[in-house]
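Peer 1: In case you want the letters, here they are:
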Amino acid sequence: VSDDFEELLLDSMSWFTSAVQVPAGLASRARRQRRRRRVAARAAIAAGTAAVSAAAVIAVTAGAGDAPGPRASQPGSRRGA
Amino acid sequence: VPDADGPVDLDRLLAERGQQLLRTAVLLTGSRQDGEDLLQAGLERLLRHGRRIDGSPEGYLRRTLYNLAADGWRRQGLRRRKLPLIAASQPTAEPDLTAAVDLRDALIRILRALPPQQRAVIVLRYWEQLTEAETAAALGCSEGNVKSTASRGLSRMRGLAAPWLTAETELRKTT
Numbered sequence: 001v002s003d004d005f006e007e008l009l010l011d012s013m014s015w016f017t018s019a020v021q022v023p024a025g026l027a028s029r030a031r032r033q034r035r036r037r038r039v040a041a042r043a044a045i046a047a048g049t050a051a052v053s054a055a056a057v058i059a060v061t062a063g064a065g066d067a068p069g070p071r072a073s074q075p076g077s078r079r080g081a
Numbered sequence: 082v083p084d085a086d087g088p089v090d091l092d093r094l095l096a097e098r099g100q101q102l103l104r105t106a107v108l109l110t111g112s113r114q115d116g117e118d119l120l121q122a123g124l125e126r127l128l129r130h131g132r133r134i135d136g137s138p139e140g141y142l143r144r145t146l147y148n149l150a151a152d153g154w155r156r157q158g159l160r161r162r163k164l165p166l167i168a169a170s171q172p173t174a175e176p177d178l179t180a181a182v183d184l185r186d187a188l189i190r191i192l193r194a195l196p197p198q199q200r201a202v203i204v205l206r207y208w209e210q211l212t213e214a215e216t217a218a219a220l221g222c223s224e225g226n227v228k229s230t231a232s233r234g235l236s237r238m239r240g241l242a243a244p245w246l247t248a249e250t251e252l253r254k255t256t
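Protein chains in written order, with the numbering used here: chain A, 1 to 81; chain B, 82 to 256.
Source of the hints: derived by calculation from the structure; they are not laboratory data.
What you are looking at is a predicted structure, and each value in this text was computed from that prediction instead of being measured.
Keep in mind that the hints are not guaranteed to be accurate.
Below, computed lysine to any residue pairings styled on SDA-like, alpha-carbon distance capped at 20 Å [what the hints assert, rightly or not]:
#	chain 1	residue 1	chain 2	residue 2
1	B	K228	B	L211
2	B	K254	A	D4
3	B	K228	B	W208
4	B	K228	B	T212
5	B	K228	B	R144
6	B	K254	A	V20
7	B	K228	A	R42
8	B	K228	A	E7
9	B	K254	A	L8
10	B	K228	A	Q33
Build the full structure now, drawing on both the sequences and the hints.
Peer 2: So, in C-alpha cells, the structure goes:
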C-alpha cells in the first residue's frame with residue numbers, strides 16, 4: 001500500500017509540473033537583482049562610513065570645545081598693570 | 082553574457098537543467114510563480130557565491146533551493162502573497178476531471194499544505210529520489226530527522242488523502 005501511495009505521489013508531482021517552462025529572461029532577472037543588491041550594499045556601506053566619519057568629526061569638535069582653551073587674562077594681570 | 086556571471090554560465094545551466102530545476106522549485110513552493118521566484122533567488126545566490134563554490138554549480142543551486150524552501154523562504158519573502166489555487170493555476174485541470182486527476186490535484190494540494198521542512202523532505206525523497214543520507218546532507222540535518230519527518234509527512238498525506246483514495250477505489254470497482 002505504501003509503495004502504491006508513493007507511486008501515486010510521484011505521478012501527481014510529475015503531472016503538476018509537466019507543463020512548467022523556464023521563463024525567458026530568468027537569468028537576466030537574477031543578474032539584475034544581484035546588481036541591485038550590490039549597489040544597495042555599497043550605498044549602505046558608504047552611508048555607514050559617512051555616518052561614522054561625521055560622528056568622529058562631531059566628537060573631535062565637541063572634545064576640542066571642552067578642552068581648556070588659552071588662559072584668559074586675569075584681572076590685575078599685565079593688561080591691567 | 083557568461084563573463085558577467087563569473088565562473089558560472091547561467092544561460093547554459095538553465096538551457097540544460099532549467100526545466101528540471103524549475104519543476105523541483107515548483108514542488109518545493111507549491112506554485113509555479115513561487116517556484117520561479119525561488120529559482121531566481123537561487124540563481125542570484127549562485128552569482129553571488131560563484132567564485133567560492135566547491136563542486137558543481139548545479140549541486141550548489143539545488144542545495145540552495147532545498148534550504149531556502151525548507152527554511153520557509155516564502156514566508157520570509159518580501160512579496161508574500163496568497164498562493165493561487167492549484168486547479169486555477171493549471172491549465173490542464175478542467176472542471177470535468179476524471180477521478181484520477183482529482184486525486185492527483187488533491188495530493189498536490191495536500192503536499193502544499195505541509196510545513197516547509199516536511200514538504201522539502203518529501204520532495205527530496207520522492208521527487209528527487211535522494212536517499213535519506215543524501216537528503217540529510219542536503220538539508221544539513223540528521224538521517225534520523227529525515228526519516229521521522231518523511232514518515233510523519235507521508236502519514237499525514239495519507240490521512241488527508243483518504244477520502245480521495247476511497248473514492249478512486251470505488252470508481253475502479255464500478256468501471
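Peer 1: Indicate, hint by hint, whether the structure satisfies it.
Peer 2: Results for each hint:
no. : hint               : verdict
1   : B:K228 with B:L211 : 12 Å, holds
2   : B:K254 with A:D4   : 17 Å, holds
3   : B:K228 with B:W208 : 16 Å, holds
4   : B:K228 with B:T212 : 10 Å, holds
5   : B:K228 with B:R144 : 19 Å, holds
6   : B:K254 with A:V20  : 34 Å, violated
7   : B:K228 with A:R42  : 44 Å, violated
8   : B:K228 with A:E7   : 18 Å, holds
9   : B:K254 with A:L8   : 18 Å, holds
10  : B:K228 with A:Q33  : 37 Å, violated
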